[in-house]
Each structure stands twice: as structure tokens, then as C-alpha cells.
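Student: For reference, the chains in residue letters:
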Amino acid sequence: MTEKKEVLKTTDVTHTYNAGDYDVVVVGAGHAGSEAALAAARMGQKTLLLTISLEMVAFMPCNPSVGGPAKGTVVREIDALGGEMGKNIDKTYIQMRLLNTGKGPAVQALRAQADKHAYHQEMKNTIEKEDNLTLRQAIVDNLVVNDNRVEGVITNTGAIYHAKTVVLATGTSARGQIYIGELRYSSGPNNSLPSIKLSENLEKNGFNLERFKTGTPPRVNGNTIDHSGIEEQPGDEKPHHFSFMTPYSDYLPVSEQISCWLTYTNPTTHQIIRDNLDRSPLFNGVIDGIGPRYCPSIEDKVVRFADKDRHQVFLEPEGRGNDEWYVDGMSNSMPEELQQEMLHSIKGLENAKMMRPGYAIEYDIIPPQQMKPSMESKVIENLFTAGQTNGTSGYEEAAGQGLMAGINAARKVQGKDPIILKRSDAYIGVLIDDLVTKGTNEPYRLLTSRAEYRLLLRNDNADMRLTPIGHEIGLISDERYEAFLAKKKAVEDEINRLETIRIKPNDQINEFVQSHGDKPLKDGIIAAQFLRRPYVDYAKLLEYIPATDEPLDPRVVEQITIYIKYAGYIKKEEEKVNRMKKMESKKIPEKIDYDAIDGIATEGKEKLKQIQPTTIAQASRISGVNPSDIAILSVYIQQGKIAKTE
Amino acid sequence: MPLMTTDYDTIAAISTAPGVGGISIVRISGSDAMKIAKKIYRGKDLDKVATDTINYGHIVDPANDDSRVDEVMVSVMRAPKTYTKEDIIEINCHGGIQVTNKVLQLVLRNGARMAEPGEFTKRAFLNGRIDLSQSEAVMDLIDAKTDEARKAALNQLDGNLSAAIRKMRQKIVDVLANVEVNIDYPEYDGAEVVTSKLMLDKAQEIKAEIEKLLATAQQGKVLRDGLNTAIVGRPNVGKSSLLNRLLHEEKAIVTDVPGTTRDVLDEYVNVAGVPLHLIDTAGIRETEDKVEKIGVDRSRAAIKKADLVLLVLNSSEPLTDEDRQLLDLTRDSKRVILLNKTDLPMKLDIEKIKAEYGNSDMIKTSAMAENGTKTLEDTISQMFFTKGIASTQNSVMVTNARHISLLQQALDSVQTVIDGIGAGLPVDIVQIDLQSAWDDLGAITGDSYDDELMDQLFDQFCIGK
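As given, the protein sequences belong to chains A and B, one line each in that order.
Note that numbering that gives the first Met the number 0 numbers the first sequence so that position 313 is 312, with each residue one more than the last.
Note that numbering that gives the first Met the number 0 numbers the second sequence so that position 436 is 435, with each residue one more than the last.
These are calculated hints, taken from the structure and not from any lab test.
Mixed in with the good hints, there may be bad ones.
To be verified - Calculated pairs, EDC-like style, for lysine to aspartate or glutamate (alpha carbon to alpha carbon, straight line, at most 16 Å):
hint, chain 1, residue 1, chain 2, residue 2
1, A, K307, B, E191
2, A, K307, B, D188
3, A, K581, B, D8
4, A, K437, A, E602
When you get a sec, could you build the whole thing from the sequences and use the hints?
Tutor: This is the structure in C-alpha cells:
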């Protein structure tokens, strides 16, 4: 017996060897790590990307889709900054839909169903082809830390990689633990190897870690789904892509896209769950990690919303030439046989063959208040953290962070100031500011309501907002930048033209406005003003004014229309941003001693010491810090300035 | 998002002490000061008058056909040679507190934000007007006042008002959460789709409710400001001299204002920034003068009405039955015990009084010692600002101008929602203004917190896949 135990034990590193020097080492090649490594390499840094399994590069262990409200905008932001996610999904989607088309422009959102294996392979291949970038399979056990500064990593095979900066993006691998009913085992996502020793090493180096949980639903064989009587959800006819660089001509006709299907749970399903809650580790007290409210398990839904007799279940394809289907809405941790039973109670799945059970997974996170807005750790210098490691959830949230961590890890090597996106610049800015300022007590997901300037942070204008930054940091080519400037000019020129053209009233136009219940025009009307009427769109406007020399790109038309129709609201938000800008520019010195400031309330002091905000604006967003604390803080900082000049 | 104040808004406040008659000044500071003044001032063109001049004219309500609100003098002080180094406008109002409040509301409605206590001075410092040696004082000022004033404003919030506001906020957040769910989970079928019609109905409901509240706030209750304060004690203990000292030293009796129904037996006084409404001062004089046996009944009535009781004892004589009765009657009141005539030998057992009649602030005073009055003022101020004794009246006093202005802002936002729907804008656009209204109302009750909306969303809807 003892011999067997010896065999099962993981050995410690006893022999090490020097495996090379890098500028940036990225640990973990999920959606955060892939973006981080590509960005650093493309910015000219010698970069190493380490992953526990090469089969898991940019893998989607959960929902096979990219985008949606807020998240889709993040993908476009990543694209505008020179990241990869948008291009990668445009190459590998199997269905594309624009959501919220009936609503205002601020909340329209693109979502794709991904071919998850193609997505992984495409990203892996992009990484393989990248100059300056080395991809290698390895488990990192230890950080090399000297004087609170990271200098490299050590793998379980004893390889020491020296690094100027390190990005940690270890996802749910960190001491991951999977639960299926009574079964419980140590594992990373999708049965990959977990990372155990790195967590211990981080704790030794002074990090506080917390446990979060998430989960995934079962998968079924698509050939065993009965589609009669369940609702088909096809993709869009009208072409849309995530990347601003993907041409319309690349769009897949709907006939080549794969539909999703909608079905529902029912009282029988709910009864199975209620009768067996004692076997659900989420409910019998076995799992104590904190799960996300916005992505509840089916057990959660049945218990918390007991009066609902059905919940939606979306059947989503996982790829082409792949009959595995994702049963969206059925995330759970019930024992395998009950999962099968639950599935069979659902219309369309009566005879479905389950291929893998769903599971709950618990993992370590590094509470993100330990991170600066640059994503560098406050605990250890030159160490950056990104993705689920920081307590977020979602591929897009991970990728956005990974990109920023990669950019700033590279800039740190280059001796440049970090790039910090403001809340008014991007959803990515909202995400990172929320993390570092407020932390999170559940896996953090972006929602449009988290953004106070969501009319500015639109899906359609991500390129306008961020391409200049992407170009400045060297991730956007000159050629693409020129194309961007041309688009920008086309938008501005046409807006100017519409502000000056006057439409003269005639029978045709008056018949049109009267058909919409408006009074006939007596005098002329400025074209832009006419476009502001709810029933007028750009195509209609062109019936009454001369067209441009060249027909405008639909994306240009979109920008113009939004800018003119919602000008009043956009201006109002811009004014708010301008006022905050001055507060954003008031920097708090890094060496400030909050204990020395009389008059700040104790709670405020504690919070300020913990978060260490970098600007007065950030300080004002910390809960528990009062306006009077902020007033005193700004006077205190001003004292220092006056003292210096005197 | 909760309301955010910045150092760059244009701010305004009544800069003369509250409760004081005669001229009151509404001060506006910031880059929009001139613009705001021009909207509500009719007289010379303020853009053309020289800096540091004072100009005759009228304040009007532009939303109400320019109807005249007050005859005023307006001082124009242009940056940078002003107290805050920003443009400053000071409106000298003549029509009493009620009118001054109305002028302030107009200023706030037309683009200014209510100043935090000490904020003018804070700006003076931040803009380099005050030097380093004074900065400690600035911080103390902010420290001492801001939180207390906020607390005071919250404490003074009438129970009915806050209940009404909470109800409105709940109504709004139901709609907001619903809109958010429609946006973030467009395929979720468990939530009603918020249509323009539904949004319009809700907005109109809320508008009517805010208007109702504003109407009650403006029904001339301003004059009945302040804490109801009863001075009690048996004859000849020195109530009258205490009263006179409070009145004369402050020189701040609010004279009767025509058209109000003020009780002529009452007087108003401003003690260290706290407006006191002294109950039955006539009764005090009367009984002291006549040296007749007064009814404890009269005191009992006063104590019942009082938010604060000043109980005077003669420390040079042992307790009488009447003293005991008064001590007993005021046991549960917010009370300050004044030990008068301490220049004479002490005959009272203070510890025993405390043990038998409950603990209270005790202040030693005598006709000769000035410091007793100062201590009393400090004690009252502390009880008011720090310990938060509240007026039982539906008071709309200076700190509560904040409430009115927030209600007004909320009303304006709701109106914008209604207009936006009329102009055919989508629900998720107009809800920006509905959310501002919700934030403004939350600032009144102090209820808003980060992620409040998010919590509502997840409590109410079973969302997520």
C-alpha cells in the first residue's frame, strides 16, 4: 500500500536548470494569457507563454460563445486596441447575431456562437506563428522573488525562466476542485491538470487568496435531440463582425450558420432537483466558495424562484463536425445519474444521450484590490495578474484584462508609464477600475449597468474610442490607423454636410411627415434636424438631399445616425466626463501616509490604505470613503504642493 | 452610481446665518456663476457691469413667466480676485428666509450645486487664495461640519417624507432593474419588456408624487424652523435672565413677518448655528415678573411640545418639590440642566440628581460668569449636529434646502424622461434620466449605495444561463 501512495504523490522540484531569459513570461494560455502574450510579443518583447496543456490554449470550457451585451463591446475594444479575440472569433464563428436591435444604440450587442475547437486551434496557431513568442507546456510551481520583486518562474520540471515581468493568468486551475454529486476531485477546467503549488507559493509571498466557484452544464449528443416542438434560433442575415478589419464579404450566409434551439425545464425537472438537493454539493454545504448571481446553477434557480414553473434552456452547438451540444441553463453539480434524469424530463431531450455531466468547480482567486490600475500587483513588483485569477468570469472579461496586463508588462520592461483606460474610455476601463477600487465578492461579470457612461461606450464606436491608443502603443499598424482616420473623417464630413444642407418643403416630403402624424413643413429644415425625427433614417433622408459622391460604408452611416439622433444625450454624458476628468487628473502621491491625516474617518482611512487609489476620482468611488474624507484628502495633497513651491 | 460632487461644479448656498432676519445673501461660486445669475436676474446686463459692483434688480422665476420673486442687489465679483478665485455672484435678498430659500432653489435649479459646508473656504484654499498656515483650519472646518451637516440633514428628514421617497425609489428601481434585464439578458423571458408606454406611465406617476412633496415643502413652513425649545424651572431660578442672555447676546430675534401665523408668544434665536424656537417666552416673563405660583401645567405643556428642554435649577438652594417634579417630567426629554447661581455656595448634590433623575448635560452658570453661556451654546450645537436631536416639525431649514433642491432636480429629470419618450427616444436612453432622478432621491434619504441596482436586478429576476 505504501508503495502505491508513493507513486501517486507529486514530487517537489529537486533539480533545476536555467531555461532562458525573457522580457515577459505569461503563466496560463487561456483567453487572458493568450492576449497578454501576443500583445507583449507584438510590442517587441521577448515573450514566453506557459500552459499546463497545449490542448487548452484559448479553450472554452464553458459556453461556446463570444460577445453579448457589454461583453461584445469588450471584444470590439480589444480589437481596436490591437488584440486578437475579435479576429479569432470572426474566423471561427458558426453563428452571428446582433442582440437588442429593437433598443437604443448604446445597448446593441453582437454575439457569436464559436466553433470551440476551431477557436482554440486558430488562436494556438496565431501564437505559434508570432515572432518573439515561445509557447510551451509546463506547470509553474514557484515564482522567483527577490526583494519583493519577481524575477522569473520555476516549473515542476525544474526549468527556471528568468523574466523582467511576469503575468499570472491561471484561471480556474488554481487549486481547482470539481464537484459532481458526491464525487469530488482535484482538477483544472475540463478535467485538465490543476495547479496546486503555485497557490501555496503565492500565499508564502504575501498574497491573500479567496475561493470562488462556478460551474458548467452537461453536454449531449446532438443526434439524439428531438427538434420537433422546440424553437429554432437562427443567426442574422445582415452581416456583422467583431473585428473592424474583417470585410463584409467574409460573412457566412445564414444557410451556412448553425442554429441554436430553445426549450424549457418543467415541474418534473424541478421536482427531481428538489427531491435531491441533499445530493447537490452546492446546497448540502460541501461547497462554500462564492458563486455568481448572474449565472446561477439550475438548483439555485429552482430554489430561489420556487414560483416559476419553467426556466429557459438553450441548446448550443459546440462546433462544426462536432455533435456535442451545450445545454445552456442547466449548469449544476448534481450526481451524474440525476443529471441524465433531469435532461430526459425536458422537451426535445427525452432521449438525449448525455456525453459529459455538468460540474461545479471551486478555485483560488487573488482578490483584485491587491492590484494597481495598471494590473501590476501591489504585493510583488513586476508581477501582473489577469483574468479569472482576479475574480472575474467570462472569456471577454479575461481577454480584456489579459490584453491590458500584457501591454503594461511590456511597457514596464520598456520603462514606459502604464496605459490605464478610464471608465469613460472603455468597458475594459470600467472592469479594471471596479476590480481595483471595489474588489468583488462573486465572480465579476460585466453588465451594461456597471458603466455610468454607456451611451459613450457603444458597440459601434469602440474603434473611434480606442484605435488611437492601440496605434500609439504599437499594436495597431500605420495602415490600419490610416483607414481609421479616413473613416473618422468620413463621419465628420458627413455630419458637417448634414448640419448645413437645408431641405425645402415639397408635396412629397410633406406627405411623408404627415403620414407619421407630424405637421407639414412650412419653411425649410436642416437635414440633421430632419434626421433627428424618430421615423427618419439615413436612407430616407437621402430621398430628399443629394447623395455623397461615394456611397458611405454602413458603419459610417451608423455612426452619423447615432451621433445626430442622440446628440443631446451624448453631449450630456460628455459634460459629465469632462467634469470627472479634472478629478481624474488629481493624482494621489504613492507614498501618502493616511494615518497622518487628521479628520479622515477611521473607516475611510482603512479603505484608502487598502485600495491605495491613484487619483482623487478613484478615491471618491471607494465605498466607505465619504465626501468630507475626499475634501480633506484633496486639501492635504494641495498642502504638499504649496509647501513645495514655497 | 451615487451622486458625485467635484471641485469644479458651480456651487451655491445661503451664506448668512440661518434664522436671521434682514438681508440674506445667496452666494454662487464657479465658472457658471454669471450664466446662472443671468437666467434669473432682471436688471442691468451682468456681462457688461464692472467687476466688484453691486447692482439693483429683480430675481424672477424663468419657469413661471419671469414672475418676480424678490427685489435684490446683486454683487458681481469676477475671477481671480475673489474669495474663491472663481467668479462669484452674491444675491442680497430682502424678502426674509422664505424668499431667500426660493432664490436659492432657483439658483440650484438653473445649474448650481448646493455647496457642502465649508466648501467656499475649501475652494479658496485649493485655488491658492488661502496660504498653507490656514490649511489646517480649512480641514478642521470640513471635518467638523460636513458629516455633521449631512447627518443633521438626514436626521431632520421627516419620517413621512422619507417613507414617501423610499416608496418612489422602489417604484423607480423596479423599472430600472427591469430595463437593465431587458438589455443584459435580451433572451430572458421571465421579465416584462419595458415599453415606452409603461415607462411614461411610471414617470408620470412619480412626477405627480414629487410635485406633491414639493408643494408641501413650500407652504411657508420655513419660518417655523428650528428646534422647539422649552426653558423651564421654578420661579426666580433665572430663566428670564437666561432667556435675555440668549436673545440679547445673539441679537438675533427674528421679527414677526407679516402674513404668517406665528405664535406671538414664541421667539426665535440662533444659537451657534442652530435655530431655536423658544416656546412660551411670554409665559416665562410673565411668571417671573409676577412671582406667583405657577402651574407646573404650563411647563408640562411646553415640555410636551419641546425637542429640547433647558431646565434651570438654583444651585444655592436644595431641591424643592417643584424642582423634583420638573426633573421627573423631563426625564425622557433631550435635556440640558443649567445650574444657576454658582457664585453662591453649592447646595445641590449633583451625583444624586444624576442617579435619581437620569443623566443629562449639566452646565454651571451664573449671572456673572460669561463662560456658562458659551458652554451652553456649545452643548446645544453638539447635541444638534453630533447627537442629532431633531426637530419634530416639518422643518425646511437651511440644510434642508438640499432636500428641496434634490427633489427639484429629480423632478426635472423625470420631466426629461417624459419629454424623451414624447420625442420617440428608446427606453434605454430615457432611463438615463430616470436613473438620475433615482440617485437624487437616494441622496435625500442617504439610501443609495454602490451596486444597489445590481442587487435589485438579481433579487427580482432569475437571470443567467
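Student: Does each hint hold? Answer for all of them.
Tutor: Going through the hints against the structure:
1. A:K307 / B:E191: holds (14 Å)
2. A:K307 / B:D188: holds (11 Å)
3. A:K581 / B:D8: holds (11 Å)
4. A:K437 / A:E602: Judged against 16 Å, a Cα distance of about 14 Å means the pair holds.
Going through the hint list in order, the structure satisfies each hint without exception.
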